[in-house]
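Q: As they're listed, the protein sequences go chains A and B.
So in numbering that gives the first Met the number 0, spot 252 of the first sequence is number 251, and the numbers just go up one at a time.
So in numbering that gives the first Met the number 0, spot 55 of the second sequence is number 54, and the numbers just go up one at a time.
Bear in mind the hints are in silico, worked out from the structure with no lab data behind them.
Derived DSS-like pairs (lysine-lysine); straight-line CA-CA distance at most 30 Å:
| hint | chain 1 | residue 1 | chain 2 | residue 2 |
| --- | --- | --- | --- | --- |
| 1 | B | K162 | B | K89 |
| 2 | A | K36 | B | K89 |
| 3 | B | K89 | B | K125 |
| 4 | A | K307 | A | K58 |
| 5 | B | K86 | A | K34 |
| 6 | A | K36 | A | K206 |
| 7 | B | K204 | B | K214 |
| 8 | B | K162 | B | K204 |
| 9 | B | K204 | B | K167 |
| 10 | B | K204 | B | K125 |
| 11 | A | K34 | A | K206 |
| 12 | A | K46 | B | K89 |
| 13 | A | K34 | A | K58 |
| 14 | B | K89 | B | K214 |
| 15 | B | K86 | A | K58 |
| 16 | A | K36 | A | K46 |
| 17 | B | K125 | A | K58 |
| 18 | A | K249 | A | K291 |
| 19 | A | K285 | A | K249 |
| 20 | B | K125 | B | K162 |
| 21 | B | K125 | B | K214 |
| 22 | A | K46 | A | K58 |
| 23 | B | K86 | A | K46 |
| 24 | B | K167 | B | K125 |
| 25 | A | K34 | B | K125 |
| 26 | B | K89 | A | K58 |
| 27 | A | K34 | B | K89 |
| 28 | B | K167 | B | K89 |
| 29 | A | K46 | A | K34 |
| 30 | A | K36 | B | K86 |
Simulated coverage check for chain B against chain A, where a stretch passes if three residues somewhere in it have a Cβ under 8 Å from a Cβ of chain A:
| hint | region |
| --- | --- |
| 31 | 51-60 |
| 32 | 82-88 |
| 33 | 140-147 |
Label pairs and their in silico Cβ distance ranges:
| hint | chain 1 | residue 1 | chain 2 | residue 2 | range |
| --- | --- | --- | --- | --- | --- |
| 34 | A | K46 | B | E217 | 32 to 38 Å |
| 35 | B | P191 | A | G331 | 46 to 52 Å |
| 36 | B | G64 | A | N353 | 40 to 46 Å |
| 37 | A | G357 | B | N160 | 52 to 58 Å |
| 38 | B | P191 | A | S9 | 21 to 27 Å |
| 39 | A | I254 | B | N160 | 55 to 61 Å |
In this text, a Cβ means the ideal position worked out from N, Cα and C, and glycines have one as well.
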Amino acid sequence: MRPENYQAVSLPCSNEYELFIGPNHPGIEGNYAFKLKLDGDRVLSGKADAGYLHRGFEKLMEGRLWIQNLAIVPRICVPDPVPMEVVYSLSVEAIENTEVPERAQWIRVMQLELSRVASHLFTFGGHAATTGMYTPSFWGVADRDLALDLFEELTGGRVYHIYNIPGGVRRDIPDGFLDRLSQYLDYLESRQNDYDNLLFTNLVFVKRARDIGCLNQENALEWGVTGPNLRATGLAFDVRRDDPYLIYDKLDFDIPVQTAGDCLARILVRRDELFQSVRILRQIIKHLPSVKGPVRTPIPNPLAWNVKAGESYSRVESSKGELAYYTVSDGGDMPYRVHVRGPSSMHAVQVLENMSVGERIEDIAQIMFSLDACPPEVDR
Amino acid sequence: MSEIGNIPVTTGNDKKRSNPLANVFDELIRFCQARSMFMLHYCTGCGAIELPPAMTSRFDMERLGIQPMVTPRQADILLVTGYVSVKTLKRVILTYEQMQSPKYVIGICSCTVNGGMYWQSYATAKILNEYMPVDVYIAGCMPRPEAVISGLRRLMGNIENGKANGWKDYYQRYDYYLGNQQHLFGDDWQTPTDIIGEANFYDLKGDETCGEHTKILEQHQVPLEPLPMQIKF
Ligand code: SF4
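All chains should be built: construct the whole structure from the sequences, respecting the hints.
A: Encoded structure:
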């Protein structure tokens with residue numbers, strides 16, 4: 000409709016108006032819209048409008064071979080693609096009852112944690128940018144780039160590395176990789192102080208983020224919140240510890256918890272998680288050379304690979320929360336049905352809608368970012 | 000039609016250009032345009048994740064004068080980073096039409112070239128060039144930041160040589176683009192921008208600006224008339 004053709008409707012006088020945030024934002028939340036109803040600068044209600052990134056993933060996967068699907072699964076969550084490959088491989092392995100060699104399991108956990116580090120660094124930068132501080136986002140992206148270099152050396156790709164396959168990983172780690180990983184971890188730890196001074200204990204940031212977007216534990220459980228957002232409400236639930244997959248039960252790590260449930264608590268949980276990941280990676284560097292053996296069990300001819308009939312539900316802890324695949328096979332060479340349970344589909348829709356009520360308009364961007372939702376995961 | 004080197008320079012109206020310095024001014028203006036490009040920060044698809052590394056301290060495209068800009072009115076380049084679903088494509092076209100001419104479109108990622116790995120998908124628009132004129136394509140899934148920067152360098156060169164004329168194409172062949180848009184969004188698709196009026200303004204109205212598709216558009220678009228304004232207290 001052209002603006003000239005609008006029919007003016009007379010309404011009683013009020014302060015209420017509607018504001019559309021997105022899908023074209025200046026932030027890095029992605030292609031995602033949020034419609035707000037405001038009274039002055041208070042939010043009366045919000046309505047999430049997702050679907051700008053819908054590609055019909057679950058349907059596409061039904062038309063591709065089991066092995067071809069590996070190429071498209073990482074595209075579901077862009078900042079943190081490794082858990083997608085791993086959980087798809089896990090779900091196929093669960094149907095087939097494949098035994099994964101131990102060395103492959105260690106390499107998978109190494110990638111998962113390195114990917115978590117990269118994703119959290121990206122989130123810090125984005126969250127700081129919503130409060131007007133751009134230096135952390137420059138630092139975060141630059142430090143993340145060093146992690147991407149390691150991925151490039153390991154897998155050949157910076158962001159999408161189709162490296163995990165059902166039955167293991169594609170190839171062994173290169174020579175000297177663990178040394179370079181260890182140097183990167185040293186560097187990250189040396190940056191801890193700088194990040195604390197610049198962001199996490201900075202009064203400007205702390206005053207903006209404290210008591211904004213509060214979530215209590217009862218509501219969080221009711222709305223299906225998982226991951227760091229749930230741990231920021233005081234509940235220490237982590238799939239890695241409570242339902243261990245791969246070799247997480249052999250590793251020693253803590254689960255950071257905060258009780259406040261506001262934006263500050265959420266970012267502090269992520270900060271602590273980053274350094275727990277560094278701790279896990281250090282244990283892997285120590286153990287991996289002593290684990291010998293192949294890195295994958297052979298799979299049948301991938302072009303004519305009929306996976307046994309059956310179904311499986313596998314879950315991992317990605318940097319956004321609990322990520323699960325429900326896979327059904329009817330014994331053919333393509334999946335019968337794959338359902339993706341992305342953590343962001345809860346965070347970005349019902350949690351955000353409920354949480355934004357009563358907040359002020361200048362905090363909405365921060366609340367959106369502090370949930371660390373990944374819009375492609377909502378739309379799939 | 001005038002020439003610089005052996006590259007023809009198409010200008011709006013050759014009759015008016017009797018000043019001998021006109022070409023020098025043109026060259027100067029193009030030089031300035033190529034060195035301060037503001038790109039619209041619209042992250043349409045997954046390729047957008049390689050833009051923050053390209054903009055920040057490691058690959059740094061600010062040294063080329065390229066900066067992110069948040070509004071379409073102040074931007075020169077529209078980066079379409081990846082697959083566009085039909086719902087996004089409407090917004091992308093609206094955004095493109097709001098940008099001031101001269102404006103350039105860069106299609107980053109294989110998905111904008113031919114649909115990429117979503118060729119079978121029911122929800123994505125496949126070939127971006129059918130809906131808006133693309134000046135430079137950068138292929139790859141996803142392209143590295145170096146590739147993004149080299150694509151932008153290519154665009155800078157094209158602007159300086161006067162070869163980046165996608166925006167003129169949109170005015171000259173509006174009927175073709177509108178037809179493809181109507182095919183996707185239905186016959187009642189319309190945007191608030193008056194493209195034909197703008198084409199008249201820039202003196203770029205060609206044979207294909209108006210045609211069968213713009214006729215369909217005219218049927219439900221009432222011509223522009225100022226609204227009488229009444230304020231009641
Ligand atoms: S080409 Fe690859 S990276 Fe780019 S939008 Fe398509 S799937 Fe994403």
